[in-house]
Structures are given as structure tokens and as C-alpha cells.
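These protein sequence lines are chains A and B, in that order.
So for the first sequence, the working numbering puts the first residue at 1; every next one is plus one.
So for the second sequence, the working numbering puts the first residue at 318; every next one is plus one.
Some hints could be false.
Example chain B residues on the side facing chain A (calculated, C-beta under 10 Å, incomplete) [unchecked claim]:
1) Thr392
2) Ala652
3) Val653
4) Pro654
5) Arg658
6) Glu670
Calculated pairs, DSSO-like style, for lysine-lysine (alpha carbon to alpha carbon, straight line, at most 27 Å) [what the hints assert, rightly or not]:
7) B:Lys741 <-> B:Lys674
8) B:Lys674 <-> A:Lys192
9) B:Lys585 <-> A:Lys158
10) A:Lys164 <-> A:Lys192
11) A:Lys204 <-> A:Lys164
12) A:Lys204 <-> A:Lys192
13) A:Lys183 <-> B:Lys585
14) B:Lys579 <-> A:Lys164
15) A:Lys204 <-> B:Lys585
16) A:Lys82 <-> A:Lys164
17) A:Lys82 <-> B:Lys741
None of these hints come from the bench; they were simulated from the model.
Ideal Cβ positions, reconstructed from N, Cα and C, are used throughout, including at glycine.
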Amino acid sequence: MTKEKQPITTNSSVPFPSTAVAAEAAQDDAGIAKEDTAWTQAPEPTPHAADVVTERADAPELDTDRTPKMIADKVSVFYGEKQALRDVSIQVHDDKVTAFIGPSGCGKSTFLRCLNRMNDTIAGARVTGHIELDGEDINSPDMDVVQLRARVGMVFQKPNPFPKSIYENVAYGPRIHGLAEGKADMDAIVEKSLRRAGLWDEVKDRLQESGTALSGGQQQRLCIARAIAVDPEVILMDEPCSALDPIATAKIEELIHELRGRYAIAIVTHNMQQAARVSQRTAFFHLGELIEYGKTKDIFTNPREQRTQDYITGRYG
Amino acid sequence: MTLTFALIAVLLIAAVAGFLGRSRARAVRDGARLNSLPIYHGAYGFLWALVPALLFLAIWSPLQGRLIEDAVLSTPQGQALPAFDMARDAITSEAYEIATGQREAGFNPESTALAPVYQQFINRYGGIGGGFAILLALAGAAWGLTRVRANFRARAGVERWLMGLLIAASMIAILTTLGIVLSLLFETLRFFSMVPASEFLFGTQWSPQMALRADQAGSSGAFGSIPLFWGTIFIGAIIAMIVAIPLGLMSAIFLTQYAPAKVRSVMKPLLEILAGVPTVVYGYFAALTVAPAVRDFGLSLGIPASSESALAAGLVMGIMIIPFVSSMADDSIAAVPQAMRDGSLAMGATRSETIRKVVLPAALPGVVGGVLLAVSRAIGETMIVVMAAGLAANLTANPFDSVTTVTVQIVQLLTGDQEFDSPKTLAAFALGLALFVITLILNLIALTVVRRYREAYE
């Protein structure tokens with residue numbers, strides 16, 4: 001993957017490295033340039049952050065022409081007495097990558113885990129607010145959490161392949177959800193998932209070997225293949241590259257780029273360059289609050305909030 | 318001078334050496350910077366004074382008895398004793414007891430006369446051994462004390478001593494095991510010189526009662542151990558495990574995966590109490606409560622049932638084994654990383670699917686280890702089967718019938734008076750060795766299984 005310094009046209013003096021991927025992403029966004037203008041000409045925000053967020057999340061000028069895949073409205077999370085997340089409102093679009101950035105402990109991973117109700121598995125965690133997937137309330141009693149998680153897949157920070165063969169790792173989801181009729185069908189699903197995860201050529205001759213014997217980067221792509229295998233609509237990635245070396249990271253980023261369009265993707269990352277490279281929408285979290293949410297380009301070149309500016313220029317965080 | 322006195326003297330010398338070493342080191346410290354703290358110099362002298370002398374005493378004290386006895390027997394009075402082993406031993410042991418003041422007078426008149434001779438040799442050898450131990454202690458103390466210098470590395474020296482002590486401690490367990498195995502082995506070989514090994518290993522008749530007179534029925538005895546091993550496996554490895562594996566595993570799964578912290582903190586200790594119940598209590602529970610109920614149940618089904626049944630013993634043994642299975646399974650399930658569980662849950666698996674397909678396979682080595690440990694515990698278990706399983710060596714698959722186990726037969730063979738050169742008694746050693754070998758093989762299988770199916774998740 002060629003690393004090409006190519007600053008995005010900007011009215012700010014903040015430089016950030018970009019890759020071909022990001023450049024391409026930027027071109028994608030060019031198609032909705034009109035609404036870009038509308039957004040940048042939005043009235044100056046009031047000093048109160050929560051108000052700003054609410055206003056922007058509901059802002060009709062952002063992605064007017066499509067219904068968001070997932071809508072989070074005033075989501076708060078409590079761990080026991082402690083509030084980890086305060087009134088977060090965000091939309092995730094099905095043809096875009098949404099990046100959540102912010103310093104450690106800012107609640108971005110917590111928020112991500114709300115989207116497929118993984119916080120249910122943590123004792124003492126309580127989620128308030130409203131989250132919709134295709135207009136359905138995911139926290140309603142009618143929503144089957146098992147079905148929800150099949151539709152909203154997740155990739156974790158540390159690669160966590162099951163201690164089974166590569167084949168069985170990918171076949172795990174389809175098997176529980178009964179997606180395959182017979183062996184040939186399952187083989188096809190496994191191959192398709194591994195191909196989409198860019199792992200097929202590396203493992204096609206050793207599908208029966210243990211998934212844990214792969215390298216870290218391969219394991220993470222195996223986890224992505226595993227998530228893809230149940231044909232989800234949304235994929236959540238919780239710092240998927242933080243345990244990987246730069247080459248493996250580049251491969252995952254390339255993969256995210258290829259998966260975009262097929263799945264709605266939300267990614268938590270500590271790496272701001274990564275957010276800039278892979279995402280079209282960026283949300284900046286700080287101390288459990290959503291500070292700013294908008295087009296990645298705008299967040300990185302022309303943030304409206306001083307705190308965002310400080311964070312992306314490395315003044316804190 | 319007795320060895321007890323020598324022991325006290327050695328301890329005193331060591332203590333003094335310790336104090337002197339420390340105070341000398343303190344004196345040195347005033348002049349120069351010490352390599353080691355004064356306490357290490359003290360400990361160095363203490364260990365040098367104590368350990369060699371103690372080791373010598375430990376070796377000497379059993380040796381001394383033999384030396385004294387040999388010396389006594391070689392004196393004219395000793396030569397005059399009856400040549401027959403038992404009569405002579407009775408006299409010498411009485412004489413020894415009189416000499417050491419444990420007894421006023423002997424039953425045998427010779428012993429009173431022999432006592433002064435004993436006294437003489439006890440004093441002589443006690444003097445030699447005790448004196449040498451004290452000399453060793455003094456030499457050690459002198460060595461330790463003369464080392465005290467600013468640049469002497471007493472700390473490293475103490476470290477080596479401690480390592481040596483730790484090695485010695487671990488060797489004691491290993492050597493004891495080895496000794497037990499060897500003694501079993503030799504007695505077993507003696508047994509096989511009287512009864513052919515093939516009969517013992519493959520015979521299906523077990524009636525070890527040797528007749529007193531040659532014309533009595535069953536005079537030869539039968540030593541086919543197959544019914545015993547079948548009974549052992551039937552009760553310990555089949556019936557008990559049918560009870561213990563599901564119950565233990567399910568309770569471990571509940572405790573680790575479903576139970577809230579509060580419930581767990583109450584239930585886990587309660588379950589572990591089950592492991593602390595003396596097996597004799599389980600035994601009478603099995604014999605008095607479970608066995609009659611099982612017999613009545615069997616009879617109501619129209620199955621021939623005896624009042625001492627394999628089922629009763631096996632059921633109670635299974636209950637006894639639950640904590641073993643459960644706590645091993647608990648540990649290995651808890652050791653499965655949360656990331657693995659999250660990965661499965663995030664795929665839309667339910668909690669029980671996650672447990673069955675991800676957690677249990679990953680925890681399998683530990684679970685198998687726990688089960689095999691439980692099996693070897695169960696087949697070695699004695700009290701429950703003695704009380705509830707019966708003595709009849711039946712080769713039957715009817716759980717309502719009475720069977721007997723290896724351990725029950727060992728108890729039968731070795732309780733009461735026995736002669737140590739009859740096949741009946743020696744059979745117990747052969748059974749013991751066979752049981753030991755089976756347990757060993759079980760452990761080896763466990764290790765192999767664990768290694769083969771170990772699925773690394775880090």
C-alpha cells in the first residue's frame with residue numbers, strides 16, 4: 001500500500017497524513033458537496049456541548065437523502081452509579097464508515113457496545129435512550145437480542161478467534177443461525193466470507209488448522225470473516241488494529257474500505273490518521289459526551305469545537 | 318549420653334552461632350559496609366551449625382539401634398540367648414525397655430540380666446553418635462563464624478542453603494512414593510511366586526480364604542482379580558461418574574456463567590463442604606439410607622436386588638465426587654478468556670450455545686483432568702464401598718446386585734490377624750500394586766488427552 005502525502009484541500013492549517021484510501025473516500029464525499037456547504041455554513045454552535053450535539057444529530061442538512069441505518073438518540077450508559085456516557089445522539093449510515101475517536105475512557109467503546117447490546121453482558125450496566133436499527137427499537141422487548149447481534153456484527157480490539165479450526169471459526173455463526181443447507185452450502189459461505197475478508201488466498205490450503213495459529217493480523221481478518229459470515233447489516237469494530245503491526249493494520253484498513261458499501265461500519269479508533277483514512281463520518285467523544293459529529297473531512301480540517309481541534313492536533317488525549 | 322541430649326545441644330549451638338554471627342557482623346559493619354545484612358551472617362552460621370548435625374542424627378539414630386543389637390548379641394550373654402528368632406526378640410526388646418527405663422522388670426528372667434549390657438552399649442553408641450553430632454555442629458558454627466567479613470556474601474550462601482532445603486523437602490515426597498512402590502513390588506513378586514500371575518490377572522474366581530486343614534473344601538483359594546476390578550470400575554468409574562460428571566459440570570457452569578456474584582459466594586463454599594464430609598459418614602448414609610431404598614426400588618421393578626448393591630455405593634460415591642469435578646471444571650471454565658465469550662455472544666449465539674460450543678471445548682483439558690482425578694479418587698475410595706457394596710465377588714452388570722471392589726478386599730485381607738507369608742495376605746499387595754498402576758495409567762491418559770486437546774487461547 002503506497003503511502004502518499006496528499007493533504008486534503010483545507011481552509012485549516014492542520015496537516016494530516018492521508019492515503020489513497022482517504023483520498024478516494026474524499027472523492028466519494030465530493031458527490032454530496034452541496035450539503036457539505038450547507039453543513040459548514042451552519043450557525044455557530046452555542047457553548048453548551050450537549051445542545052450542539054443534539055442539534056447536529058437531528059440536523060436535516062447532514063445526509064438528507066437517505067435514512068440512516070442506525071439512529072442513536074440521547075443514549076446514556078451507567079455502570080452501577082457511574083455514568084459512562086451522556087446523551088449521545090449519532091447516526092450510522094449503511095454506505096459509510098463512521099469513526100468514533102477520543103481519548104481513553106471517553107465512552108466511545110461503551111457507545112459502540114450499545115449498538116449490538118453487548119453491554120447486556122456486563123453486570124450492572126444500564127442503558128437509557130433510544131437506538132433504532134432500520135426504524136426498530138433495538139432495546140424494545142420485541143427485539144430478539146440474538147437476532148440483533150446477527151444483524152449487527154462486532155470485531156473486537158484483540159483478535160479473539162475461537163480455539164477451533166479456521167473453517168469452524170467462520171462456520172460458527174452460519175451454523176448457529178442455520179444459514180447453510182448442507183456441506184456444500186457451508187463451504188461456499190466460508191469461502192465467500194474469507195474472500196471478502198481478504199484471507200482466502202492465505203488460508204485456503206489449511207482451513208482445518210487452528211485459527212489461533214494464525215498471525216495477529218490474519219486472526220483479526222479471520223474475526224472479520226467470522227462476523228461477515230452471518231451476513232450482517234452493520235459491522236462494529238472496536239479498535240480492530242490496536243494489537244496489530246503497521247502492515248497488518250494497512251491490510252485491515254484496505255479491507256474496511258472494500259467492505260464499505262456492503263455493510264454499515266462503525267469503528268472505534270485511537271489512531272486519528274486511521275479515522276481520517278478509513279471513515280467518512282467522525283464522532284469525537286470526550287468524558288462520556290459526544291463533542292462533535294460530522295463529515296470526517298470537516299472534523300479534521302475545520303472542527304467547530306475547540307476541544308476537537310485540541311485533540312486532533314495532539315494537544316491532549 | 319542420649320541422642321535427645323545431643324539434639325538439644327546441637328540446637329543450642331546453632332542458636333548461639335546465629336546470635337554470634339549476627340553480632341560479629343554488626344561489629345564489622347561499624348568499620349566497613351557489609352555485603353550482606355547481619356541477619357544473613359547469623360543465619361549462615363545457624364544453618365551451618367544445624368543442618369549437617371541434624372542430618373547426621375537423622376541417619377545415625379535408626380543405625381544406632383542395629384549397632385547396639387548386634388553388639389549385644391555378640392557378647393557372651395547375647396550368645397547364650399535362644400536361637401529362635403521370636404523368643405530372642407521378646408527377650409531383647411524387654412531388656413531394651415528395662416535399660417531405657419520404660420519398664421520395671423521383664424516377663425522373661427533373661428531380660429533383667431541382659432539389661433545392664435544394653436545399658437552399656439546404649440551409652441557407648443549414644444556417646445559416639447551424640448558426640449559426633451555435637452562436633453559437627455561446633456565445626457559448622459566455627460566455619461560460619463570465621464566467614465564473617467565485610468565482603469563475605471552470606472546472603473547468597475543462605476540462599477543456597479534454602480534451595481538445598483527446598484530440594485530436600487520435595488525429594489522426601491518423591492522418595493516416599495518410590496519406597497511405597499518398591500515395597501508393593503517386592504511383596505507382589507512374592508505373591509506371584511505362590512500364585513501364577515496369569516491366574517491373578519485373568520481369573521474370574523475370587524475366594525482368597527485359605528483352608529486351615531488340607532482336607533477342607535476350597536483349600537487352595539482362588540485369586541482371579543477380574544471380578545474385583547470389574548466391581549471397582551462398575552462402582553467408581555461407571556455409576557459414580559454417571560452421577561458426578563453431569564451434576565458437577567452443570568453446577569460448575571451455573572456457578573461460573575449464570576449465578577450472580579452473591580449466589581456464587583454462598584453456593585461455592587457449600588459445595589466445597591461436601592468434599593470435607595468424612596467418607597465414613599457417606600458410608601453409613603449409603604449403607605443405612607440409600608441401600609435399602611435402592612433394594613426396594615429394584616424389587617418393585619421386579620429385578621433381583623440385594624441389600625448391598627453396586628448402585629447404592631455408586632450413587633453415594635458419585636455425590637461425594639461432585640465437588641472434585643465441579644471445582645476443577647469451575648477453575649478451567651473461569652480461565653477461558655472473556656474475549657472468547659464476547660466473540661461468541663457478538664455472533665448472536667445464546668448463552669448456552671456459547672457455553673456448549675466455545676467455553677466447554679476451550680475448558681475441556683481442565684474438565685477431563687478433573688474427571689480423571691475424580692475417577693482415580695473414586696476407585697481408590699474405600700469406606701463407602703466397605704459399608705455399602707458388599708463382599709461377594711460377583712461378575713455382574715446388574716447394578717442392584719452386590720459387587721465388591723479392590724479396596725474392600727484389601728481391607729478384608731489385611732484386617733485382623735494375618736501371617737505375612739500366605740498368598741491370602743500377599744494378594745493384598747498385588748491388588749494394591751494393580752490399583753496403583755491403574756491410577757498411574759489414568760493420570761497418563763489424562764495428561765495425553767489434555768496435551769492433545771489443549772487449545773491455546775492466548
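Consistency of the hints with the structure:
Interface hint at threonine 392 of chain B: violated, since its Cβ lies 75 Å from the closest Cβ of chain A, which is beyond the 10 Å cut-off. A distance limit of 10 Å between C-beta atoms decides the matter here; for alanine 652 of chain B the minimum to chain A is near 12 Å, and the interface restraint is violated. Taken as an interface hint, valine 653 of chain B checks out: its beta carbon lies about 9 Å from the nearest beta carbon of chain A, inside 10 Å. A least Cβ separation of about 7 Å between proline 654 of chain B and chain A falls short of the 10 Å threshold, and the interface hint therefore holds.
For the restraint placing arginine 658 of chain B at the interface with chain A, the shortest Cβ-Cβ distance is roughly 8 Å, inside the 10 Å limit, so the hint holds. A cut of 10 Å between beta carbons decides the hint on glutamate 670 of chain B: the least distance to chain A is about 6 Å, and the hint holds. Distance restraint check for lysine 741 of chain B and lysine 674 of chain B: the Cα-Cα separation of roughly 52 Å exceeds the 27 Å cut-off, and the hinted pair is therefore not satisfied. Taken as a hint, the lysine 674 of chain B and lysine 192 of chain A pair is honoured in the structure, with Cα atoms around 23 Å apart against an allowance of 27 Å.
Among the hinted pairs, lysine 585 of chain B with lysine 158 of chain A is inconsistent with the structure: their alpha-carbon atoms are about 32 Å apart, more than 27 Å. With a C-alpha separation of about 19 Å, the suggested pairing of lysine 164 of chain A with lysine 192 of chain A holds against the 27 Å cut-off. As the CA atoms of lysine 204 of chain A and lysine 164 of chain A are separated by approximately 16 Å, the hinted pair is consistent with the 27 Å bound. Using a Cα cut-off of 27 Å, the hinted pair lysine 204 of chain A and lysine 192 of chain A holds, with the two alpha carbons roughly 11 Å apart.
Proximity of lysine 183 of chain A to lysine 585 of chain B is assessed by CA-CA distance (about 43 Å); at most 27 Å being required, the pair is judged violated. Taking the CA atoms of lysine 579 of chain B and lysine 164 of chain A, the gap is near 34 Å; set against the 27 Å cutoff, the hint is violated. Restraint check for lysine 204 of chain A and lysine 585 of chain B: the C-alpha separation of about 46 Å exceeds 27 Å, so the hint is violated. Restraint check for lysine 82 of chain A and lysine 164 of chain A: not satisfied, since their Cα atoms lie roughly 38 Å apart, outside the 27 Å limit.
For the hint linking lysine 82 of chain A to lysine 741 of chain B, the alpha-carbon distance of about 74 Å lies beyond 27 Å, and the restraint is violated.
Comparing the model with each numbered hint stated earlier shows that hints 1, 2, 7, 9, 13, 14, 15, 16 and 17 do not hold.
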